[in-house]
Amino acid sequence: MKKKADVVIVGGGVNGCGLAYNLAKKGIDTVVFEKKYLSSGATGACGAGIRQQWSTHENAELSMKSVKIFEKLSKELGEDIELRQGGYLIAVHDKEELLQSEKNVEMQKSLGIPVKIISIEEITKIVPILDIKGMNAIAATFCPTDGHANPFKTTFAYANAARKHGADIFTHTTVTDIKTKNKQVSEVITDKGCVKTDFVVNAAGISSEEICNMVGIKIPTKPVRKEIMATERLKPLFDAMVISFKDGIYFSQQNEGQIVGGIPIPEQKPGYKTAPTVSFLQHMSKTLTRYAPVLKHINMLRHWTGFYDVTPDARPILGQTKDLKGFIHCHGFSGHGFMLSPMVTKILCEYITHGKTSEILESLSLNRFKDKKIEHEMAVVG
Amino acid sequence: MNKKKTIVCRCEDLTLEDVEKAIDAGYTDLEELRKKLRIGMGPCQGRVCIQLVQKILEKKTGKKVCVKSLPKVRPPVIPVSLGALASDEK
Numbered sequence: 001m002k003k004k005a006d007v008v009i010v011g012g013g014v015n016g017c018g019l020a021y022n023l024a025k026k027g028i029d030t031v032v033f034e035k036k037y038l039s040s041g042a043t044g045a046c047g048a049g050i051r052q053q054w055s056t057h058e059n060a061e062l063s064m065k066s067v068k069i070f071e072k073l074s075k076e077l078g079e080d081i082e083l084r085q086g087g088y089l090i091a092v093h094d095k096e097e098l099l100q101s102e103k104n105v106e107m108q109k110s111l112g113i114p115v116k117i118i119s120i121e122e123i124t125k126i127v128p129i130l131d132i133k134g135m136n137a138i139a140a141t142f143c144p145t146d147g148h149a150n151p152f153k154t155t156f157a158y159a160n161a162a163r164k165h166g167a168d169i170f171t172h173t174t175v176t177d178i179k180t181k182n183k184q185v186s187e188v189i190t191d192k193g194c195v196k197t198d199f200v201v202n203a204a205g206i207s208s209e210e211i212c213n214m215v216g217i218k219i220p221t222k223p224v225r226k227e228i229m230a231t232e233r234l235k236p237l238f239d240a241m242v243i244s245f246k247d248g249i250y251f252s253q254q255n256e257g258q259i260v261g262g263i264p265i266p267e268q269k270p271g272y273k274t275a276p277t278v279s280f281l282q283h284m285s286k287t288l289t290r291y292a293p294v295l296k297h298i299n300m301l302r303h304w305t306g307f308y309d310v311t312p313d314a315r316p317i318l319g320q321t322k323d324l325k326g327f328i329h330c331h332g333f334s335g336h337g338f339m340l341s342p343m344v345t346k347i348l349c350e351y352i353t354h355g356k357t358s359e360i361l362e363s364l365s366l367n368r369f370k371d372k373k374i375e376h377e378m379a380v381v382g
Numbered sequence: 383m384n385k386k387k388t389i390v391c392r393c394e395d396l397t398l399e400d401v402e403k404a405i406d407a408g409y410t411d412l413e414e415l416r417k418k419l420r421i422g423m424g425p426c427q428g429r430v431c432i433q434l435v436q437k438i439l440e441k442k443t444g445k446k447v448c449v450k451s452l453p454k455v456r457p458p459v460i461p462v463s464l465g466a467l468a469s470d471e472k
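Protein chains in written order, with my numbering: chain A, 1 to 382; chain B, 383 to 472.
Simulated from the structure, these hints should not be mistaken for lab results.
Mixed in with the good hints there might be a few duds.
Under the rule of at most 30 Å between Cα atoms (straight-line distance), these lysine-lysine pairs were calculated in the DSBU-like manner [claimed, not checked]:
1. B:Lys441 - A:Lys192
2. B:Lys442 - A:Lys36
3. A:Lys370 - A:Lys183
4. A:Lys153 - B:Lys442
5. B:Lys386 - A:Lys35
6. A:Lys235 - A:Lys153
A quick note: this is a predicted structure, and the numbers were derived from the prediction, not measured.
My request is simple: use the sequences and hints to build the entire structure.
Right, dumping it as structure tokens:
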């Protein structure tokens, strides 16, 4: 292990590896420490979705710019990330939801996102297996450039490209402490050695709180266990990701033909417990077969758990605070880390290399929780 | 043995050559191999292939794979139809 690096990143998920790639490409000497294997946290357990339909302007802008990067990423990294842009279809169930949707769509359109409100007839044209009565929809919003990509392959592709540009990525290496000097980070201690550095990036997902504790920074994030399932492979049935904020369900058909989806369970509480629940199996199968009755004949193969690192406003914590120089936050994604990663890692790279800040970085800084009024992201699912 | 014709994972149609190539490319963690190749993600859920992959990995790297790092068994263990799971009948 080298003794010194320009930047040390804690966490080998899509954001850690993506940032390592962006930095290494600019010639920055970068080291990544991952305590398990690459994509072992939220990245590897996620639903693979990429959407631009949000209620807050920051998330919409970050995701819209991320989609533009995703579209060219396979070529840029030299490995297929299996991007499929079949759109996101968000069910609208009542007048109240329609009002919020109209507001969201107006804001998204003003940014240039090609989203629109569609009728119930159009819903079944886009996803023929849906039962309008069963899903209880009065309309939907649809954005054709939303979609999904393979989170494992995206992370591996970022990591491989980062290594090609000279980044060092250590898996099965645990960060045990971070040393500071005069309100500036100075050294990262791991179970395999120490590296001196001026920049530490906390991209540790639900372990971010633990990493922040090492330097005495408090964050208001809570780990929330989420469950998700996959069916057997089927012939191509539909291209869009179907979601409902009211029912909490989301599902899509992936590249290989399996349907992947999740739903929250009623008794969900914050905590680190990982075991999957029977409640999820019942809840998911009932809701999914209500939305698409034909799927009752399809086998579920497995169901697993992952964590959202949820902030009070369901938006990520990014950038640096004045309390500690060189400590860069890149966490609190609240279930949306994969889809925001291309743009998040790009702006954090610009911030680290040129000190370039932006409106988005300012409004997503940890400091925002000091104010009483925070703007909550309403468009959250799962 | 023809590595191109030796099937390791029947569900995902992966050969010994596919697995060895991935190991050579640096995927030396069983979970990373699984996520890269989808090995163990088909209807058998790894019951047929994971132990074979473990042996191939150990042979190639010369390192024992720790039992703890074997992929977790995920419910419902055997394929169950969504209709059966959604049913209230006991």
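How the hints compare with the structure:
1. The suggested pairing of Lys441 of chain B with Lys192 of chain A holds, with an alpha-carbon distance near 25 Å, which does not exceed 30 Å.
2. Our distance criterion of 30 Å between C-alpha atoms is met by Lys442 of chain B and Lys36 of chain A, whose separation comes to about 21 Å.
3. For the given pair, Lys370 of chain A sits about 20 Å from Lys183 of chain A by alpha-carbon distance, which is consistent with the 30 Å threshold.
4. A threshold of 30 Å between alpha carbons decides the hint, and for Lys153 of chain A with Lys442 of chain B the separation of about 23 Å falls inside it, so the pair holds.
5. A hinted pair counts as satisfied when its Cα atoms are at most 30 Å apart, and Lys386 of chain B with Lys35 of chain A does not qualify at roughly 35 Å.
6. For the hint pairing Lys235 of chain A with Lys153 of chain A, the CA-to-CA distance comes to about 22 Å; that is within 30 Å, so the pair holds.
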